[in-house]
Amino acid sequence: MLELAVRPQFSVVVPPKLLQEGYLVYFSGGWPSTHEAHREKLFRVDVVNQVPYDRFYIIPTGDYRDVDFSNGSGTFQESIYPENNDSLFEVLLGFKPGNFVSHWYIPSSKSVHQLEYAQMYPDVTDADKRYLGARLAGDSPYDDPQVKLYFVKDLAPVIMRLYVLAGVDYEKVVVGLLVNKCKLRQIEAPTQDQMLKAKVIRYYDELRW
Amino acid sequence: MPSKVVTANTTAQEVAAERSDAVAIPTSLVVDNDQGAADRIISIQDVFTPSVTNGVSSPSETTVDRFRATAPQGFVTTLTEDDLKGVKCLGALKVIASAVDASCYITAGYRHE
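Which chain is which? The protein sequence lines are A and B, in order.
Quick note on numbering that gives the first Met the number 0: the first sequence kicks off at 0 and runs consecutively.
Quick note on numbering that gives the first Met the number 0: the second sequence kicks off at 0 and runs consecutively.
It cannot be assumed that every hint is accurate.
[Unchecked claim] Among the chain B residues that face chain A by a calculated CB cut under 8 Å, a handful are:
#1 V51
#2 N53
#3 G85
#4 L89
#5 A91
Hints in this document: simulated from the structure, not taken from any laboratory.
Backbone N, C-alpha and C fix where the C-beta goes; we use that ideal spot for every residue, glycine too.
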């Protein structure tokens, strides 16, 4: 028997996971006036620099820790935000396997993953709602992170609530971060083509409607 | 994979220090109690200080016994990775014995994951 390999009719190009030099980013009109430096503006990424950073938390079962990515010296603050308006930090986040769930809030009091019915709000103290909107370690593995965050100067605190499920006495949650520091240069008069090619970065409120 | 030899002691002997980005997995435990004075109970301890959480603002150092086995006098007891399956140390991996015995040697192998 003879079998000929079929010539592929098209190929799939997987784009890079991170922003690269020369890429364009556009901050949507959903950004508030407090972020006037970015709102409705197009930028070119001039320089990138990747900074890996592993964090770990040993948490007893049934307890949680709010990991705050904003800058400061508070116990829970990780100070991952940029300090300059011409910096954009693109952060990949992955977990090593463990017996825990993560919930996401921005700002600290508002979940990113609530549903529309009033009671459908993530709650780690509730046996059912602690799984609502929860991201598990397998959803964003350490070696192939799927969670991506974009931080600009003075962004409201992004909170990652790590809750350790029953079944262990303690769990060590290892969080692998890769901070892709991007130096931005504004394009004053963007062309239509540049606007179409740009990656749109939306304000967090646009995730909730 | 690294390993370390310690002698039986009632004070926990450190085999692998805590590493922030990984847990320590014991892969083998060989207790040479051939020349030991008596049967010895050997335990693997996990020593760590939990993180500050929303529930506990000032956590203190914690020791959790993760494994325990008896090593009979006059024998060399060998435990493989399969025997130790499921044992995981979040912090420092330490070994402690039921009595001080300079003739009872414990070889612990481990890896970080």
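Once the shortest beta carbon distance from V51/B to chain A is found, is it less than 8 Å? holds (5 Å)
Using 8 Å as the Cβ threshold, decide whether G85/B counts as touching chain A. violated (11 Å)
Against chain A, is L89/B within 8 Å by beta-carbon distance? Since the shortest Cβ distance to chain A is 4 Å, the answer is holds.
Mind checking the CB of A91/B against every CB in chain A and telling me if the closest is under 8 Å? violated (12 Å)
Mind checking the CB of N53/B against every CB in chain A and telling me if the closest is under 8 Å? Nearest chain A Cβ about 6 Å off; hint holds.
When each numbered hint is compared with the structure, violations occur for hints 3, 5.
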